[in-house]
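Q: Produce the complete structure using the sequences and hints provided.
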Amino acid sequence: MGFFERLLKIDRRIIFTLIAIAIAMPLFFDVSMYVETTSEVRGVFTAVDTLSAGSKVLISFDFDPGSMPELQPMAESFFRHCFSRDLKVIVMGLWPQGPLQANWALDVILNEPDIKAKNLQYGVDYVNLGYTAGNEVVIQRMGSNIHAAFPADYYGTPLDDIPLMKGVRNFDNIDFVYNLSAGYPGTMEWVQFAADRFRATLGAGNTAVQAPLMYPYLGKRQLVGILGGMKGAAEYEVLAQRPARGVRYMFSQGIAHAVVIFFVIVGNVAYFATRKKRKES
Amino acid sequence: MHPSPDIGIWIGALLTLGIFSFLYGDNPYYKFCEALFVGVSAGHWFVTLFWTVFVAKMIRNVEIGLNTFITQGFSAGMADYVHWSYIFGGILGFLMLLRLFPKIGWISRWSLAFVVGTTSGLFFINYLVSNGLRQVEKSILSLGAEFWFGNLILVVGTFCGLIYFFFSKEHKGAFGGLARVGIWFLMITFGATFGYTVMSRMSLLIGRMDYLLGNWLGLIG
Amino acid sequence: MRKVAIFVFFLLFSSIFVFPPDKAFAQEETEMPASPTKVEASDTPNDNGHSITVKWKLSADDGAGKNNVVVYEVLRSDSPEGEFELRGMVPAGESVFEDQGAKDRQSPNYLPSHKKFYYTVRAKGDGIYSDSEVSAPGYAYGQWFHTGKFPVFVAVLAFSAFALIFISLARKGKKLYVRPLAGIEAVDEAIGRATEMGKPILYIIGLGSADMIATIASFTILSRVAKKTAEYQTPILIPCYDAVVMAVAQETVKAAYLEAGRPDIYKEENVFFLTSMQFAYVAGVNGIMLRERPATNFYLGKFYAESLILAETGSVAGSIQISGTDEIAQIPFFVAATDYTLIGEELYAASAYLGREPVLLGTLKGQDWGKAVVIISLILGAIAASLHFQFFLDLFRVQL
Amino acid sequence: MRRVLPFTIVSVTGFFMLVQYFIPREEFEWIYEWTLDWIIVIGCFAMLLGLYSLTYVSVNKVRRKTPGWGYNLIALAGLFFMLIVGFVPGQESLVRGSVFMHLFEYVYVPVQAAMFSLLAFYIASAAYRAFRARTVLATILLVSAVIIMLRLVPLGPLSGINQWLANFILTVPNMAAKRAFWIGVGLGATATALKIMLGIERTYMGRD
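As you go down the protein sequences, you meet chains R, B, D and C in turn.
Our numbering puts the first residue of the first sequence at 1, with every later residue one more than the last.
Our numbering puts the first residue of the second sequence at 1, with every later residue one more than the last.
Our numbering puts the first residue of the third sequence at 1, with every later residue one more than the last.
Our numbering puts the first residue of the fourth sequence at 1, with every later residue one more than the last.
These are calculated hints, taken from the structure and not from any lab test.
On a predicted model such as this, the values are computed, not experimentally measured, just so you know.
Hints may contain errors.
Unchecked claim - Straight line, CA to CA, 25 Å or less: simulated DMTMM-like cross-link-like pairs of lysine to aspartate or glutamate:
1. K31(B) to E292(D)
2. K65(C) to E292(D)
3. K103(B) to E259(D)
4. K166(R) to E85(D)
5. K66(D) to E94(D)
6. K103(B) to E357(D)
7. K254(D) to E269(D)
8. K118(R) to D11(R)
9. K61(C) to E292(D)
10. K199(D) to E269(D)
11. K115(D) to E27(C)
12. K61(C) to D26(B)
13. K199(D) to D26(B)
14. K65(C) to E268(D)
15. K138(B) to D394(D)
16. K61(C) to E268(D)
17. K116(D) to E133(D)
18. K166(R) to D99(D)
19. K55(D) to E26(C)
20. K227(D) to D78(D)
21. K56(R) to D160(R)
22. K66(D) to D99(D)
23. K172(D) to E170(B)
24. K38(D) to E98(D)
25. K116(D) to E29(C)
26. K138(B) to E94(D)
27. K55(D) to D11(R)
28. K65(C) to D26(B)
29. K124(D) to D61(D)
30. K31(B) to D11(R)
31. K172(B) to D339(D)
32. K116(D) to E26(C)
33. K166(R) to E73(D)
34. K116(D) to D126(D)
A: And the structure:
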């Protein structure tokens, strides 16, 4: 059997091993790759960077552990950016596991030396409202009264006893809404209800799969910006001059994508080389 | 190389390797992890839904309604229909369970009818407004504006795409040509989505490798 | 006469509030900004009857004259002489404020509809202010029709009219043409192949719930496929992800076997619940594919990230695969790894094409006419936008 | 009673939800919010149905000792352990640190993440085996995918052009085709919803 036939008949497990190596090897090297920043990511960054100290920011965790590698670095760099600029952070989730993942991200950031030094108080500087079922209806209800949508926070304390939530009745008292989304309910619902209906300034971080679907919403008072997949996370970290997991993963991504493109080319070359023979048989 | 002391990380790592063994072939180690995951995930979903929806939505509302009955008497209780009316959600839900008994299983159709009826009414409006009207509103672009070239392609692309999804005319002649251009545009979009999805799947694998090599074995970072 | 006296008394009385003694005399007459005039309170249109809109004419010293107005404060009370309560603030230069209340009786911000309220607007500089006269009473009430949603109303009527006209035409036996769909023509051939090889058929309805449009389209196609498998006596395996979908699938297949005159060979356990976890489900289906080696796999309905594993494992097992979904993120994998793919709306059209029932064909034609209207308005819109006919563009503007 | 009532419920609730969109009055808004909450509550009971069916199938397999019954036993054990740990401590089981949450963090999360990352391996093998430029359409899909993938690979001077090309693809043809797709799906879904409300589409109810 010719070289190309054997190439086509390669056992899938060899391909799997190649990909595993292509992903694992780069993680050992500490290469801070040049990540070119795009305007959609700068949109979100500047929106947060221009907020005055003490302004209130709402972040909604609408994804599950399956999308954590892409969205958790976004959450962490967002928290780091907000706390370093003394913004008040309100966390919530439209997916059941959302608020828990928020706590994991908060644990990481609140123990970083410069943030730890500010010894931020739960209920004064940041609060976690937890999960409420109802998908887009929750956003709609938050438009008229957040206290009705979230009677109590993640730990069960009623919202009226939380100092941070005192002045917050609906989206008019929130300066910036950031939505990390991996599907439904997600950014589309936040655009339709929070941005279109209640005029909130909205930014979003999406998994690489969802990001292209959201491009039509950029600009026109709907989305100030959007972070797509790990590349978006790395860009945000570069803009904040705090390279972290996002940038480190980008080197591994680069190699992995080069390998996949190599597979596409080799696969097609082998396919076309053997096409004449297949036609004869 | 300093493996993590946390037993939880060890369990997670061994289960991850068990799932990866599926790549080699269907084997008992993989079947064990799959079975454990099936049980744990079903249990997790039911408990989460029970507390966050069943108790938080129905039980709490009915409780508030009941104690208005008890504390403020019958008429005030009735006026507070906002809360005790949630009992109907529970009744319809209970009717759904009757499906398990063949004789009276047909009653469960009432709750199915309620769910399907309500969502179809909602879908009619949601799809017509956000998919239909809103997209048309955004597709109307001026060809005189300064980036007229982009707009021209956008309008042509949407136009030909719609022609492709036209079912009452055979795709032949000029009409077939337009449909062909439409499917070309669709293929570009599918290619872009494929490219983007490769990036997100690779990130998932990187996340797992980081967990195995970093958190578990402590080899990197 | 009595009214005037009360009014004068009120003016004196309220002036004490407005000019607290210690400040009132120290403040010169000239520094105080002119008070806003013509304050009107009326119901906010198109709402649920719990919000009142307050309008006023800007104070003479706002943007002109002394130009020392910074903000307007809107105050409300239950009666002209009653105690006024601050409801909200609006920056200088603006002359409208929406007093939004809650509809829930228990909420502290409850604003009952049909109750008369009196408003006064305070033009405020830094520390100095002046109040307008009290407005005539205004009350909130709910409207019966939301005028902002008129374009949607027209679209709903037009769309339903198209569908109903074509349904009645179809019922009168008028021949309606629907173009052939590559994926659907392959269905019969694929089932035939499974029968020759004596292998089962695997039908995956996807991860959607029973009321999702893609799942319902899949049920219609399943009913046709099941009828075919009954005639050919080929077993059909349907692992389900959702309990309600499982129940509906069981009944669809049973009815199809009945129609084909073979109720005896219908096996209820072939349509079973696997798990409601996305990846446990895909792992379970993979196991079935590798163990049962089905000749034909159908993936029709709502699919998410697991679509690639199903399609890839299916091709390893060497089966013919027909796929279809309206989830745009998954179509590339079905196009790449399966033999035929129904793209988005083609999945919905397949149920009309397969069923050939006049009514289904009628709605499909109605849809096509809807698309024709969209195409025409697209072209007209491009022309209108280039020539700046704003009127045409507003036709599609929808106020939520 | 068996067939007429369910379809009347479907039409009545369907048309009510259609009409309430246009009527902002308070009563309609209340009913809108209730119906949505009731559907979520019904979802819980449907979940109970699924759980019953899973236990019923697994218990039968274990009792009849069908091949592989050991795995069904493990699934049942996992399920009931989660139910016990989830219900006994009451609502606190959902707060971090409880055994229920430990199981979620150290069993559910790693396995789901591992399952998702299997996709990376499968995408690589699909790129090698299924990703053929057989037809003109497949070639367009392939070229467009490679351009988007090249955005992440550092190409030096070339990456500037590729970046512009990829952005053009994402913002123009991608958006045009997506709009056509959404309008198509939108009208299709609206037609199907209308068929359900008019009682023309009945398969979801099955026939008795």
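Q: Take the hints in turn and mark each one as holding or not.
A: Status of each hint after checking the structure:
1. K31(B) to E292(D): With a Cα-Cα distance of about 17 Å, the restraint between K31(B) and E292(D) holds, given a limit of 25 Å.
2. K65(C) to E292(D): holds (19 Å)
3. K103(B) to E259(D): holds (23 Å)
4. K166(R) to E85(D): The given pair, whose Cα atoms are some 19 Å apart, holds under the 25 Å limit.
5. K66(D) to E94(D): Cα-Cα ~17 Å, so holds.
6. K103(B) to E357(D): Between K103(B) and E357(D) the Cα gap is close to 32 Å, so the pair fails against 25 Å, i.e. violated.
7. K254(D) to E269(D): With Cα atoms ~12 Å apart, K254(D) and E269(D) stay inside 25 Å; holds.
8. K118(R) to D11(R): violated (56 Å)
9. K61(C) to E292(D): holds (18 Å)
10. K199(D) to E269(D): With a Cα-Cα distance of about 17 Å, the restraint between K199(D) and E269(D) holds, given a limit of 25 Å.
11. K115(D) to E27(C): holds (17 Å)
12. K61(C) to D26(B): Cα-Cα ~20 Å, so holds.
13. K199(D) to D26(B): holds (21 Å)
14. K65(C) to E268(D): The given pair, whose Cα atoms are some 20 Å apart, holds under the 25 Å limit.
15. K138(B) to D394(D): Cα-Cα ~12 Å, so holds.
16. K61(C) to E268(D): This hinted pair holds, its Cα atoms lying about 16 Å apart.
17. K116(D) to E133(D): Given pair K116(D), E133(D) holds - Cα atoms ~17 Å apart, limit 25 Å.
18. K166(R) to D99(D): Roughly 19 Å between the alpha carbons, so the hint for K166(R) and D99(D) holds.
19. K55(D) to E26(C): Given that 25 Å is the threshold and the Cα spacing comes to 24 Å, the pair holds.
20. K227(D) to D78(D): Outside the cut-off at roughly 71 Å; violated.
21. K56(R) to D160(R): OK: K56(R) and D160(R) at ~17 Å, within 25 Å.
22. K66(D) to D99(D): The given pair, whose Cα atoms are some 29 Å apart, is violated under the 25 Å limit.
23. K172(D) to E170(B): holds (23 Å)
24. K38(D) to E98(D): holds (16 Å)
25. K116(D) to E29(C): Holds, at about 23 Å.
26. K138(B) to E94(D): Distance of about 30 Å is beyond 25 Å: violated.
27. K55(D) to D11(R): violated (76 Å)
28. K65(C) to D26(B): Holds, at roughly 20 Å.
29. K124(D) to D61(D): OK: K124(D) and D61(D) at ~10 Å, within 25 Å.
30. K31(B) to D11(R): holds (22 Å)
31. K172(B) to D339(D): holds (23 Å)
32. K116(D) to E26(C): holds (18 Å)
33. K166(R) to E73(D): holds (20 Å)
34. K116(D) to D126(D): violated (32 Å)
Violated hints for the displayed structure, listed by number in ascending order: 6, 8, 20, 22, 26, 27, 34.
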